[in-house]
Amino acid sequence: MQLPPITMEDPAAGRPLARSIDLPRARAGYAAYRLFHGEEPATLSVKDQVAVTITERIVERRLQPGQKILEQSIADEFGISKAPVSEALMLLEYTGLVASAARKSAYVTPVSAAEFEELIEYRAALLGVVFPRFVERHTSADRKVLRDYLEHMQELAQDDARAFEFVEVADRSLLYVAMQSGNRHIARAMSPLSLQLLRYYAIGVRTPKQRRQLLGWWADAIRFSEARDVNRFMALAAQSRGAVIAEVLAALRAAA
Amino acid sequence: MTAAARVRPQAAGSAAETLARPDGVAASRLFVGRSQAAWTLPEQIAAEVGERILNEQIAPGSRIGEERLALEFGVSRGPVRDALKILEQAGLVSIASRKGTVATPLTEQDMREIFVLRSGLSEIALRGFPDHATPENLAHFRRHLQAAESVAEDDQQILFWTEANDRLMLFIAHHCGNSRVAKQLTTLSLQSIRYVRRALAAGLNTATRRREVVAFYRGLLAAYEKRSDVEPFVERLRRLINERIQSTGAALQQGPR
Numbered sequence: 471m472q473l474p475p476i477t478m479e480d481p482a483a484g485r486p487l488a489r490s491i492d493l494p495r496a497r498a499g500y501a502a503y504r505l506f507h508g509e510e511p512a513t514l515s516v517k518d519q520v521a522v523t524i525t526e527r528i529v530e531r532r533l534q535p536g537q538k539i540l541e542q543s544i545a546d547e548f549g550i551s552k553a554p555v556s557e558a559l560m561l562l563e564y565t566g567l568v569a570s571a572a573r574k575s576a577y578v579t580p581v582s583a584a585e586f587e588e589l590i591e592y593r594a595a596l597l598g599v600v601f602p603r604f605v606e607r608h609t610s611a612d613r614k615v616l617r618d619y620l621e622h623m624q625e626l627a628q629d630d631a632r633a634f635e636f637v638e639v640a641d642r643s644l645l646y647v648a649m650q651s652g653n654r655h656i657a658r659a660m661s662p663l664s665l666q667l668l669r670y671y672a673i674g675v676r677t678p679k680q681r682r683q684l685l686g687w688w689a690d691a692i693r694f695s696e697a698r699d700v701n702r703f704m705a706l707a708a709q710s711r712g713a714v715i716a717e718v719l720a721a722l723r724a725a726a
Numbered sequence: 003m004t005a006a007a008r009v010r011p012q013a014a015g016s017a018a019e020t021l022a023r024p025d026g027v028a029a030s031r032l033f034v035g036r037s038q039a040a041w042t043l044p045e046q047i048a049a050e051v052g053e054r055i056l057n058e059q060i061a062p063g064s065r066i067g068e069e070r071l072a073l074e075f076g077v078s079r080g081p082v083r084d085a086l087k088i089l090e091q092a093g094l095v096s097i098a099s100r101k102g103t104v105a106t107p108l109t110e111q112d113m114r115e116i117f118v119l120r121s122g123l124s125e126i127a128l129r130g131f132p133d134h135a136t137p138e139n140l141a142h143f144r145r146h147l148q149a150a151e152s153v154a155e156d157d158q159q160i161l162f163w164t165e166a167n168d169r170l171m172l173f174i175a176h177h178c179g180n181s182r183v184a185k186q187l188t189t190l191s192l193q194s195i196r197y198v199r200r201a202l203a204a205g206l207n208t209a210t211r212r213r214e215v216v217a218f219y220r221g222l223l224a225a226y227e228k229r230s231d232v233e234p235f236v237e238r239l240r241r242l243i244n245e246r247i248q249s250t251g252a253a254l255q256q257g258p259r
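So the protein lines, in turn, are chains A and B.
Under the working numbering, the first residue of the first sequence carries the number 471, and numbering increases by one thereafter.
Under the working numbering, the first residue of the second sequence carries the number 3, and numbering increases by one thereafter.
If you are wondering where the hints come from, they were derived from the structure by calculation, not from laboratory data.
Any given hint could turn out to be false.
No more than 30 Å apart at the CA atoms, straight line, and that leaves these computed lysine-lysine pairs for DSBU-like [stated by the list, open to error]: (1) 228/B x 185/B; (2) 552/A x 228/B; (3) 228/B x 517/A; (4) 614/A x 517/A; (5) 552/A x 87/B; (6) 538/A x 517/A; (7) 574/A x 552/A; (8) 538/A x 614/A; (9) 87/B x 574/A; (10) 538/A x 185/B; (11) 185/B x 517/A; (12) 101/B x 517/A; (13) 538/A x 87/B; (14) 101/B x 574/A.
Ranges between beta-carbon positions, derived for each pair [stated by the list, open to error]: (15) 630/A x 221/B: 52 to 60 Å; (16) 602/A x 38/B: 36 to 44 Å; (17) 249/B x 550/A: 37 to 45 Å; (18) 42/B x 549/A: 28 to 36 Å; (19) 690/A x 237/B: 45 to 53 Å; (20) 713/A x 21/B: 50 to 58 Å; (21) 474/A x 99/B: 24 to 32 Å; (22) 537/A x 38/B: 31 to 39 Å; (23) 134/B x 700/A: 26 to 34 Å; (24) 42/B x 602/A: 41 to 49 Å.
The structure presented is a predicted model; accordingly, all values stated were derived computationally and were not measured.
For every residue, glycine included, the Cβ atom is placed at its ideal position computed from N, Cα and C.
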């Protein structure tokens, strides 16, 4: 019996952003933390070190969206052979930061409004599974972790130069919640997604006012968790998501 | 995370093994939309080894030796290693640096995690499809549905039924406007096939159940054609998947037959 094949729609060709955007400095270790699913290994293989470095360059836009990544020039820069570089690029392909046309050189995946909306919708679906469980089943120790993150965000919020660190910690809180869900499939999907989204958050959440608003939401989220109030937690998540989407899209339009 | 008890191995000569099997189940999900002519050497090996894992020709948890595969396919170990990486990414094998590579074990917890996530992502797919419900896509939908219906009444064709049913859902996923959701649902489909087949072998897929699923898709198609509300179908799908989790869990606990 012949079954119809699985076919695919042409991926929506989003309008790429050409202009470079300055980013405040980043916090050490954020890329490794996500590449290796929440474990920050003490030692990294050469391949993994290359992967971390390229990831940082992509997220921080030292490598531009759409830009080619030449294996040989990276190998030369690190004084290594091409093999670990191409393995590192394969790992990054799985994270969605790098793509390669068949047998051609790798390039940094473009960023676009359409891409961002797709990423956010996907993550909302993952979090939609994770959040209710977290609110119902988390412990006071979990809340303490989230409060520590929140405190750290408060320290960073006033300083424009540390805006990237701020969104990174905010994003870590979400990763923490996802990891606590006990669903390894979701936890595994969240980390690479987070790296892709950081590229966008870093340009969206740029003013102290925006950051203060995020702080308020996180504080509320912790309170609703403590009250085991799933409905209010989910409503808050939807509201804050909507606001962040609007901010990022506005920033993308302004940059285009 | 607590480690769930491993599911006991399937006894040889079980009912599912004597049934006719659709071809290329692994490949159709590993390389969606790509013609076979364009597969690289590692991809061809991944397609074959993936199929063996789905058939439990390679049992869950059993070791997969690089060298033996290299010998069998007449290639060096490089392409075999790359093939295993493709399968690792797809969740069909687990590579541990010291212990070597094994076919990912089946556990009840893993099954639950897969289906819970499938449920959440399928909602996005169902809600996204109307924006892409062109006459052409609706015609494709009908073709997939007809393929499923044509085997729904025949217990001997049950493996074709699950495949057709799954492909219909994946068709919706790949036309919902979100390529990430589509990709993840495709991988989850691949990971769930061994569980679904266990449930089949335990006789837990009845004609009544299949009719219910056909009715669901018919209703969904009508809703898409009339551009009416899909929310009732989102709700129904959630229920169908929940039932599936319950019945598959029961099948896994039954163990060897």
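The hints, checked one at a time:
1. With a CA separation close to 28 Å, the supplied pair residue 228/B and residue 185/B stays within the 30 Å bound.
2. Distance hint between residue 552/A and residue 228/B is unfulfilled; the C-alpha atoms sit about 56 Å from each other, more than 30 Å.
3. Straight-line distance between C-alpha atoms of residue 228/B and residue 517/A comes to about 53 Å, which puts the hinted pair past the 30 Å bound.
4. Straight-line distance between C-alpha atoms of residue 614/A and residue 517/A comes to about 35 Å, which puts the hinted pair past the 30 Å bound.
5. The suggested pairing of residue 552/A with residue 87/B holds, with an alpha-carbon distance near 19 Å, which does not exceed 30 Å.
6. With a C-alpha separation of about 19 Å, the suggested pair residue 538/A and residue 517/A falls inside the 30 Å cut-off, and the hint holds.
7. Between the alpha carbons of residue 574/A and residue 552/A the distance comes to roughly 15 Å, so the proposed pair stays at or under 30 Å and holds.
8. For the hint linking residue 538/A to residue 614/A, the alpha-carbon distance of about 43 Å lies beyond 30 Å, and the restraint is violated.
9. Straight-line distance between C-alpha atoms of residue 87/B and residue 574/A comes to about 20 Å, which keeps the hinted pair within the 30 Å bound.
10. Using a Cα cut-off of 30 Å, the hinted pair residue 538/A and residue 185/B holds, with the two alpha carbons roughly 24 Å apart.
11. With a C-alpha separation of about 26 Å, the suggested pairing of residue 185/B with residue 517/A holds against the 30 Å cut-off.
12. Taking the CA atoms of residue 101/B and residue 517/A, the gap is about 21 Å. The hint holds against a cut of 30 Å.
13. Proposed proximity of residue 538/A and residue 87/B is supported: the alpha carbons are some 24 Å apart, at most 30 Å.
14. Distance restraint check for residue 101/B and residue 574/A: the Cα-Cα separation of roughly 34 Å exceeds the 30 Å cut-off, and the hinted pair is therefore not satisfied.
15. For residue 630/A and residue 221/B, the Cβ-Cβ distance of about 53 Å falls inside the hinted range of 52 to 60 Å, so the restraint holds.
16. For residue 602/A and residue 38/B, the hinted distance range of 36 to 44 Å is satisfied, since their beta carbons lie about 42 Å from each other.
17. Checking the proposed 37 to 45 Å range against residue 249/B and residue 550/A shows it is violated: the Cβ atoms sit about 52 Å from each other.
18. With their beta carbons about 29 Å apart, residue 42/B and residue 549/A fall inside the hinted range of 28 to 36 Å.
19. In this structure, residue 690/A and residue 237/B break the distance hint of 45 to 53 Å, their C-beta atoms being roughly 29 Å apart.
20. Between residue 713/A and residue 21/B, the C-beta spacing of about 53 Å keeps the proposed range 50 to 58 Å intact.
21. At roughly 41 Å, the beta-carbon separation of residue 474/A and residue 99/B lies outside the given 24 to 32 Å, and the hint is violated.
22. A C-beta distance of roughly 32 Å is found between residue 537/A and residue 38/B, which places it inside the suggested range of 31 to 39 Å.
23. Separated by about 32 Å at the C-beta atoms, residue 134/B and residue 700/A satisfy the suggested range of 26 to 34 Å.
24. Checked against the hint of 41 to 49 Å, the C-beta distance between residue 42/B and residue 602/A comes to roughly 42 Å, which is consistent with it.
Of the numbered hints given earlier, the model fails hints 2, 3, 4, 8, 14, 17, 19, 21; all others are met.
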